[in-house]
Amino acid sequence: MNAKSYNQAVNDYSDRLFRFILKNLNKDVETSRDIVQNCFEALWKNKGKVEPLKAKSYLFQVAHNQIIDVYRKSGRMLYVENYAESDLKSSAETNDAKEIMHRALQTLPSLQRSMMLLKDYEGYSYSEIANILGINVGQVKINLFRARKKLKELLLSPQNKKAL
Amino acid sequence: MSINKNNYEEWMVAFVDGELTVEEQTAFNRFMEKHPSLKEELAAYGSTQFLADEEVVYTNKELLHKKEGAFVLLKKAWPYAAMLFIALTVYVFVTPEKEVDLALNEKSITPDKKQLTVEKETSTYDTVRIVKEQKETPIIDRRKPKPSERMLSKRTPSKNRNVSPFKKEEKQVYKVPEIRKPLDIQVMVENKVDKPSIPEVNTPIQEKEVIVQGKLDPLPRTKEKTTLPSLNSRKAVLVINEKNHPVIHQKFNDVVSKVENKIEIIKELKKAPITVSIGKLKLFTLNN
Numbered sequence: 010m011n012a013k014s015y016n017q018a019v020n021d022y023s024d025r026l027f028r029f030i031l032k033n034l035n036k037d038v039e040t041s042r043d044i045v046q047n048c049f050e051a052l053w054k055n056k057g058k059v060e061p062l063k064a065k066s067y068l069f070q071v072a073h074n075q076i077i078d079v080y081r082k083s084g085r086m087l088y089v090e091n092y093a094e095s096d097l098k099s100s101a102e103t104n105d106a107k108e109i110m111h112r113a114l115q116t117l118p119s120l121q122r123s124m125m126l127l128k129d130y131e132g133y134s135y136s137e138i139a140n141i142l143g144i145n146v147g148q149v150k151i152n153l154f155r156a157r158k159k160l161k162e163l164l165l166s167p168q169n170k171k172a173l
Numbered sequence: 002m003s004i005n006k007n008n009y010e011e012w013m014v015a016f017v018d019g020e021l022t023v024e025e026q027t028a029f030n031r032f033m034e035k036h037p038s039l040k041e042e043l044a045a046y047g048s049t050q051f052l053a054d055e056e057v058v059y060t061n062k063e064l065l066h067k068k069e070g071a072f073v074l075l076k077k078a079w080p081y082a083a084m085l086f087i088a089l090t091v092y093v094f095v096t097p098e099k100e101v102d103l104a105l106n107e108k109s110i111t112p113d114k115k116q117l118t119v120e121k122e123t124s125t126y127d128t129v130r131i132v133k134e135q136k137e138t139p140i141i142d143r144r145k146p147k148p149s150e151r152m153l154s155k156r157t158p159s160k161n162r163n164v165s166p167f168k169k170e171e172k173q174v175y176k177v178p179e180i181r182k183p184l185d186i187q188v189m190v191e192n193k194v195d196k197p198s199i200p201e202v203n204t205p206i207q208e209k210e211v212i213v214q215g216k217l218d219p220l221p222r223t224k225e226k227t228t229l230p231s232l233n234s235r236k237a238v239l240v241i242n243e244k245n246h247p248v249i250h251q252k253f254n255d256v257v258s259k260v261e262n263k264i265e266i267i268k269e270l271k272k273a274p275i276t277v278s279i280g281k282l283k284l285f286t287l288n289n
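Those protein sequence lines, which keep their order, are chains A and B.
Counting from 10, one number per residue, gives the positions in the first sequence under this note's numbering.
Counting from 2, one number per residue, gives the positions in the second sequence under this note's numbering.
All the given hints hold, so there is nothing to weed out.
Some chain B residues close to chain A (C-beta under 10 Å, calculated; not the full set):
no., residue
1, V17
2, G19
3, Y46
4, L52
Derived by calculation from the structure, the hints in this document are not laboratory data.
Glycine residues also receive a C-beta, built at the ideal position from the N, C-alpha and C atoms.
Build out the structure end to end from the sequences listed, making use of the hints.
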């Protein structure tokens, strides 16, 4: 990878990476920008090892690891919901569907949240998600199932059903 | 793999995620047709998909860009390149004359040493040729000017039409002189009394030194007096005198007085030792 292909990767993937990180970190813009910069710095350092076609998956892999580091530093638990279901019920005051979905996503563990975003935002397959996150395909299937099921139940609750 | 009420939700999630194959999707569609009450639940799973907000973008992407390799090198190296360019410009425009002067000085320094070259002829080893390179040197005409030329001589030599101010030196070839052949040494017996000629046999010899002129070869038998070559010719003179060979000298006198034929004298001389001298310089003595 040369500077030209690197700059092209910046133009193609910086927005997507930023949205992924931002959604994961509950709209923490500054931290999200820092992580994006760190991701591309890591790509530039390893430009000799990373092929241009695999730059996207490499960036998201680095981003996921950076998010985990953020959670560890902040003391958050990776597999514990960020939001309580009570918080989600209180969102009934707002009829914004996007906000409801966002709050529902925050109730998921970080790993499931990353899986959901990689799947919905970037369209990665189960195997690609498994490769990015460093887990096997079975774990991806199970975690995605659990995540969607929970979201479905939240969305089908009588309070949110009216908003949606 | 069959779809039933225990695992249909997994099939629904897979369907929503687009992970079903063609065959699996066909089977799932059949199941759903058989169970239309599950369509609402399938729609709910479908609503769990998140759509990316295209309005959210990463601003100032150019801060993440890296410069091209050559551009980076050029950016770092341009101060040095500028200094080098200035140095070359100064060198080219300031110091061209010095280079020419240096070149001229090289030619003028010690021309003599450089002009002489020794060439060896490969054909013969007897000669060594020393060749002088052509050199234009001004010469001054030191001839005594003629009366008509006196006026002209007052002018500078370069304006004299007869003599060119510069004369090219011709190549001079020096040859080592060849080995000279030995000189013809002729034996002469000198008679100081009568220098030009040998006294006749009949005349008594009054002097002690007897001079005989002629070669060792027998003289031609002629009645006429043979005029032997004079002493002035370049011949060696054999001197037999009383001092060197008293016996021979006396015997020669006796012989000469008695014998009429000169040839016999010479024959006798052949037997006698001979001292070779040139003029007053005695070279060597030959003993027969």
